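One letter stands for each residue in the lines below.
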Amino acid sequence: MSKVLVEIDNLHKYFGKDEVLKGINMSIRVQDVVCLLGPSGAGKSTLLRCINRLEEPTSGHIYIDGEEITGHGVDLNYMRSEIGMVFQHFNLFPHLNALENCTLALIKVRKMRKKEAEERAIDVLRQVGLENKANTKPKELSGGQQQRVAIARALSMNPKLMLFDEPTSALDPELIGEVLDTMIDLAEQGMTMIVVTHEMGFARKAATRVSVLDQGLIIEDNTPDKVFDAPEHPRTKEFLSKIL
Amino acid sequence: MESIIYNFFNVEVMIRARYLLWLGLQVTLKLAFLSLLLAILVGLFLAVLRNLRIPLLNALIIIYVDLFRALPTIVLFMLVYFTWPYFGISLPRYWSAVVALTINGGAYFEEIFRAGIESIDKGQTEASRALGLSFTQTMFSVILPQAVRVVLPPATSNALELIKTTVLASVIALPELMKQAQQAHGSLANPTPLIMAALIFLVLLWPLVRLTGYLERRFAK
Numbered sequence: 001m002s003k004v005l006v007e008i009d010n011l012h013k014y015f016g017k018d019e020v021l022k023g024i025n026m027s028i029r030v031q032d033v034v035c036l037l038g039p040s041g042a043g044k045s046t047l048l049r050c051i052n053r054l055e056e057p058t059s060g061h062i063y064i065d066g067e068e069i070t071g072h073g074v075d076l077n078y079m080r081s082e083i084g085m086v087f088q089h090f091n092l093f094p095h096l097n098a099l100e101n102c103t104l105a106l107i108k109v110r111k112m113r114k115k116e117a118e119e120r121a122i123d124v125l126r127q128v129g130l131e132n133k134a135n136t137k138p139k140e141l142s143g144g145q146q147q148r149v150a151i152a153r154a155l156s157m158n159p160k161l162m163l164f165d166e167p168t169s170a171l172d173p174e175l176i177g178e179v180l181d182t183m184i185d186l187a188e189q190g191m192t193m194i195v196v197t198h199e200m201g202f203a204r205k206a207a208t209r210v211s212v213l214d215q216g217l218i219i220e221d222n223t224p225d226k227v228f229d230a231p232e233h234p235r236t237k238e239f240l241s242k243i244l
Numbered sequence: 001m002e003s004i005i006y007n008f009f010n011v012e013v014m015i016r017a018r019y020l021l022w023l024g025l026q027v028t029l030k031l032a033f034l035s036l037l038l039a040i041l042v043g044l045f046l047a048v049l050r051n052l053r054i055p056l057l058n059a060l061i062i063i064y065v066d067l068f069r070a071l072p073t074i075v076l077f078m079l080v081y082f083t084w085p086y087f088g089i090s091l092p093r094y095w096s097a098v099v100a101l102t103i104n105g106g107a108y109f110e111e112i113f114r115a116g117i118e119s120i121d122k123g124q125t126e127a128s129r130a131l132g133l134s135f136t137q138t139m140f141s142v143i144l145p146q147a148v149r150v151v152l153p154p155a156t157s158n159a160l161e162l163i164k165t166t167v168l169a170s171v172i173a174l175p176e177l178m179k180q181a182q183q184a185h186g187s188l189a190n191p192t193p194l195i196m197a198a199l200i201f202l203v204l205l206w207p208l209v210r211l212t213g214y215l216e217r218r219f220a221k
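Going down the list, the protein sequences come from chains G and U.
Each residue of the first sequence is one higher than the one before, counting from 1 in this note's numbering.
Each residue of the second sequence is one higher than the one before, counting from 1 in this note's numbering.
Check each hint, because a few of them may be wrong.
[What the hints assert, rightly or not] Straight-line C-alpha distance at most 25 Å; calculated SDA-like pairs for lysine to any residue: (1) G/LYS111 - U/PHE140; (2) G/LYS139 - U/PRO145; (3) G/LYS114 - U/PHE140; (4) G/LYS139 - U/PHE219; (5) G/LYS111 - U/GLY123; (6) G/LYS139 - U/ALA115; (7) G/LYS137 - U/ILE120; (8) G/LYS139 - U/ASP121; (9) G/LYS111 - U/SER134; (10) U/LYS122 - G/SER169; (11) U/LYS122 - U/LEU152; (12) U/LYS122 - G/GLU100; (13) G/LYS115 - U/THR136; (14) G/LYS114 - U/GLN124; (15) G/LYS111 - U/SER141.
[Unchecked claim] Here are the simulated distance ranges between beta carbons: (16) U/TRP95 - G/TYR78: 41 to 51 Å; (17) U/PHE140 - G/LYS137: 16 to 26 Å; (18) G/GLU119 - U/GLY123: 23 to 33 Å; (19) U/ARG218 - G/VAL4: 50 to 60 Å; (20) G/GLU82 - U/LYS30: 50 to 60 Å; (21) G/GLU82 - U/LEU202: 57 to 67 Å; (22) G/TYR78 - U/SER90: 45 to 55 Å; (23) U/THR136 - G/GLU82: 12 to 22 Å; (24) G/HIS72 - U/LEU23: 53 to 63 Å; (25) U/GLY123 - G/THR208: 25 to 35 Å.
The hints are simulated quantities; they were obtained by calculation from the structure and are not laboratory data.
Note that this is a predicted model, so its numbers are computed, not measured.
Cβ coordinates follow ideal geometry from the N, Cα and C atoms, glycine included.
One chain only, chain U, in its complex shape (with noise of 0.2 Å):
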């Protein structure tokens, strides 16, 4: 029992690490609010513009829907990382992560969106349009708004999934909650630190978990 607390629940450990978990705790948030509004807009943007049923650009975003859905999104930060600067672009840390959760995520968004909007009566749209509406105004005034009921379990899920992919920027050493966990595992010898990021993480996502089922709840037909 004495050697649990004093390896997982060290006190010491605790003040002596807060500050860095803190630091990473900031990086944690600013990294999944800024992708996770990036990946919905690219997502949406992409799911509203293969509605607009043109070959080669619905051709162009399959690809790259599949491409990214295969892709290991651990791979995905170290290619966004590693390769750019041999083509001149040099991103720091922090975009180069946002870039890969975002292209990622944003992938997985666009499936969502576009299933909701296929969920809609195709009525909608003809009545939309015979009544002057033009494509955009069908699609935010009639469409989408209807959509959202379909959409927002599974968008909410997947939100969760973006969220706990952050972790992953730890492999390109962006300094979030999980490498801050780990250098301050590393350094004072004591893993106390994980267990502390493990609990943030609980405590941050455990609402988000509840959100999801209740949505799935409640907009189950």
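With the rest of the complex left out, here is chain G (with noise of 0.2 Å):
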């Protein structure tokens, strides 16, 4: 068993009198890719926004590699500097090319040298295939190159987490695949992922773990096949049944 490098510990989380999340205790290990299924409003994504503290937890703990990142104190720009996210809508920079969106962090957070990042940033592009796109500006690529940009973005900083915010429910059907063919490549590089996503095909191919949350609490969490093949809450069969 490897090293466990995402320890959550009764996390809540309330938006104003709405408990979104109701003690989640979660532990995961180097190298694993967890999908967080569930219905909507279910609090996965507030659960991995949590993670990186772009949601302030009301209560409970979050260690990782051992280190609390919860509570006063921390290197909030640091932590988050470690952990790559990816968004639904994107979010790369329009005013910056691909190249740029990859470097920024890396001479303004890590302080490298331009030429350095640059480099380093060809070598992220490289590996979401899309370097000979480097000079162009986001609005120019497809969705679905957008989504590999802001893939190659997080990658840059060389991070020992990937967040994955629903990363291909905004793009086209036909653009989605390319979009899981570079995720299902990262997970094989041994990659440790947390996938918040609807897609049954890439949980089934590359998760480790599927955890499905309804109502702000994890009502199961084990490997893709017994989840999809042989659920055990009632709750997790109601909701496979919608979306299979």
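Both chains come to you apart, so use the hints to assemble them.
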């Protein structure tokens, strides 16, 4: 067994009076690919966004590599620079080309020299198959290409963990495949990933674990085969019957 | 016709008034340039600060903006120049005018910059912060470069307003262009200097008016 990378301990999150997360416990090991599944409003995205504190947990603890990242006195910028995040709507920087999207944080956060950062950026763009689009602005790329650049941007920081928040939900059906293929490549290279998705094919193929969230709680947590073929919780069955 | 030329375009008066107007123009340009620069900096600083979403601080910024947008600028000029001596601070006319124009213009620029910053999708901030960029880095590398497009037309228009407002400094007897023109008008008993001042303003500001129109068309979406 590889070592634990992310430990989530009794995590609660309120939005006003709404309790969105009702005590989440999870333990994610190095090279795990965890798919978070569940009906909309279950708290999947909120859980993901708590892990790099884009959302502030109301209570509970999160440890990454044994270090607590919840509470005061944490160097948030440093912590975040080691966690890659990919968003549903890509959120590429429209005023920068693909290369500059990848070098910005290397230069500003990692204080890399421009030339060195550009070499690194070309490497990660090659990894997602877009090194020939380095000088292209996001709006001239297809949705699938934009999301691959967004993946490259996250990879440029050499993160120890990647978070994906519905990375294919905003894409036209014919563009989903190229993004999923990129993610499968990443998984095969041993990247630790937490993925909020509705793509069952991806979950079956790449996930080491599937966690099902419902109403702020994890109701099922098992291998993809077990969850899909022999779900235990009635709510899981109900949910799967709707999306399969 | 002859009386129009004598009263409004009197060459002899022009020659006699030209030095006074030249002095006035220099004061106007210096005042406009410095106040504009400071007002933009104040507005930008407050707009960025407001984005930190600290409730007390934002309340103070809102009070500042509301107050100085509501207050007629001419009143502000008089308040700055005539009340400070009672607090033991005496500012020369020029600096009183700079202060009045800066706090007035800063309030308007804050609103313009804030609207520009708010027009940028929240996802841009999230993506930046998720990469480890600080608040300031996010502002200056990601948000503001994109907000420029939105901000440029109204900011240019506001700059134009501010430059025109410099004439109000004549109420505190600052010898800027308009004040000098009035002076010359009085001492030469001929309104030609007023026409001269008007023409100078026109030549100075008309390109800026064109620019505003151009920017509005160019960035209209």
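Hints, verified against the model:
1. G/LYS111 - U/PHE140: The given pair, whose Cα atoms are some 16 Å apart, holds under the 25 Å limit.
2. G/LYS139 - U/PRO145: holds (16 Å)
3. G/LYS114 - U/PHE140: holds (18 Å)
4. G/LYS139 - U/PHE219: Satisfied, since the Cα-Cα distance of roughly 17 Å is no more than 25 Å.
5. G/LYS111 - U/GLY123: holds (24 Å)
6. G/LYS139 - U/ALA115: holds (23 Å)
7. G/LYS137 - U/ILE120: Since the Cα atoms of G/LYS137 and U/ILE120 sit roughly 17 Å apart, the hinted pair holds (cutoff 25 Å).
8. G/LYS139 - U/ASP121: holds (15 Å)
9. G/LYS111 - U/SER134: Between G/LYS111 and U/SER134 the Cα gap is close to 13 Å, so the pair holds against 25 Å.
10. U/LYS122 - G/SER169: Holds. U/LYS122 to G/SER169 sits at ~18 Å (cutoff 25 Å).
11. U/LYS122 - U/LEU152: holds (21 Å)
12. U/LYS122 - G/GLU100: holds (20 Å)
13. G/LYS115 - U/THR136: Roughly 24 Å between the alpha carbons, so the hint for G/LYS115 and U/THR136 holds.
14. G/LYS114 - U/GLN124: holds (22 Å)
15. G/LYS111 - U/SER141: Holds, at about 14 Å.
16. U/TRP95 - G/TYR78: 41 to 51 Å: At roughly 45 Å between Cβ atoms, G/TYR78 and U/TRP95 fall inside 41 to 51 Å, so the hint holds.
17. U/PHE140 - G/LYS137: 16 to 26 Å: Holds - the Cβ-Cβ distance for U/PHE140 and G/LYS137, about 20 Å, lies within 16 to 26 Å.
18. G/GLU119 - U/GLY123: 23 to 33 Å: For G/GLU119 and U/GLY123 the Cβ distance comes to about 28 Å; the hint holds.
19. U/ARG218 - G/VAL4: 50 to 60 Å: holds (55 Å)
20. G/GLU82 - U/LYS30: 50 to 60 Å: holds (51 Å)
21. G/GLU82 - U/LEU202: 57 to 67 Å: Taking Cβ atoms as reference, G/GLU82 and U/LEU202 lie about 60 Å apart, which means the hint holds.
22. G/TYR78 - U/SER90: 45 to 55 Å: Holds, at about 51 Å.
23. U/THR136 - G/GLU82: 12 to 22 Å: Holds - the Cβ-Cβ distance for U/THR136 and G/GLU82, about 20 Å, lies within 12 to 22 Å.
24. G/HIS72 - U/LEU23: 53 to 63 Å: holds (60 Å)
25. U/GLY123 - G/THR208: 25 to 35 Å: holds (29 Å)
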